[in-house]
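K.L.:
Residues per chain are reported as follows:
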Amino acid sequence: KNQVEQSPQSLIILEGKNCTLQCNYTVSPFSNLRWYKQDTGRGPVSLTIMTFSENTKSNGRYTATLDADTKQSSLHITASQLSDSASYICVVSPLSGGSYIPTFGRGTSLIVHP
Amino acid sequence: EAQVTQNPRYLITVTGKKLTVTCSQNMNHEYMSWYRQDPGLGLRQIYYSMNVEVTDKGDVPEGYKVSRKEKRNFPLILESPSPNQTSLYFCASSLSGRWEAYEQYFGPGTRLTVT
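Taken in order, these protein sequences are the chains called A and B.
For the first sequence, position 94 (counting from the first letter as 1) is numbered 142 according to my numbering, and the numbering increases by one without interruption.
For the second sequence, position 28 (counting from the first letter as 1) is numbered 31 according to my numbering, and the numbering increases by one without interruption.
No wet-lab data here; the hints were simulated from the structure.
These numbers were taken from a predicted model, which means no experiment stands behind them.
Note that CB positions come from ideal geometry on N, CA and C, so glycine has one too.
Where hints are given, some of them may not hold.
[Stated by the list, open to error] Residues on chain B that point at chain A, a partial pick, calculated with CB under 10 Å:
| no. | residue |
| --- | --- |
| 1 | S36 |
| 2 | L44 |
| 3 | L46 |
| 4 | E106 |
[Stated by the list, open to error] Chain A stretches covered by chain B per the calculated footprint, using a threshold of three residues with CB under 8 Å from any CB of chain B:
| no. | stretch |
| --- | --- |
| 5 | 83 to 92 |
| 6 | 111 to 122 |
| 7 | 149 to 160 |
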């Protein structure tokens, strides 16, 4: 069964600090891996999209990396801001027979304190 | 403004009373889908639609129905809601079902409580 595991489950950091969130997956072969940011009570918003051939993708202070060999991805947040407080979700989509059903991780809850 | 809208945003209903949650997008997207989100679990796909009149089951389709008669609308129907369908529901759309190429945009969510 396809799985996406995220760690840590929750994280508290001080404003201005950097942090890294992890995503391990078993989806294989996979089409792409995405990171979303979800503010409390709102829909997820896409941060990055990476295909299996890409190693890194940046979006402002967010940088995602992908190691397809070890099936691991990370999301690095630089110089955190209070507005970064949210849940960050890793999503992996399969590449098989026209299946478009993605597998979502449970998310990492990030709290940024002033 | 390009967006995905859902209605209602909040709904409390009783077991067995049929309900419909509407979803509409104004971006001429081909692909639309429904998800539910429960505490401690990741988002799970209920149904998706690659285009008009083309729908398919996701991971958790039991107890739900959908239709795609028009490109912009993708309603979610609960014929006989049960308490285990209490959840936060999201509709999403994408230009195409080709996941490697296109962004997926999510609606604001519908919080459903079935008593």
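K.L.:
Now, for every hint given, state plainly whether the structure supports it.
P.N.:
To see whether the hints hold, each was checked on the structure:
| no. | hint | result |
| --- | --- | --- |
| 1 | S36 | holds, 8 Å |
| 2 | L44 | holds, 6 Å |
| 3 | L46 | holds, 4 Å |
| 4 | E106 | holds, 5 Å |
| 5 | 83 to 92 | holds (count 4) |
| 6 | 111 to 122 | violated (count 0) |
| 7 | 149 to 160 | holds (count 7) |
The earlier numbered hint that this structure contradicts is number 6, and it is the only one.
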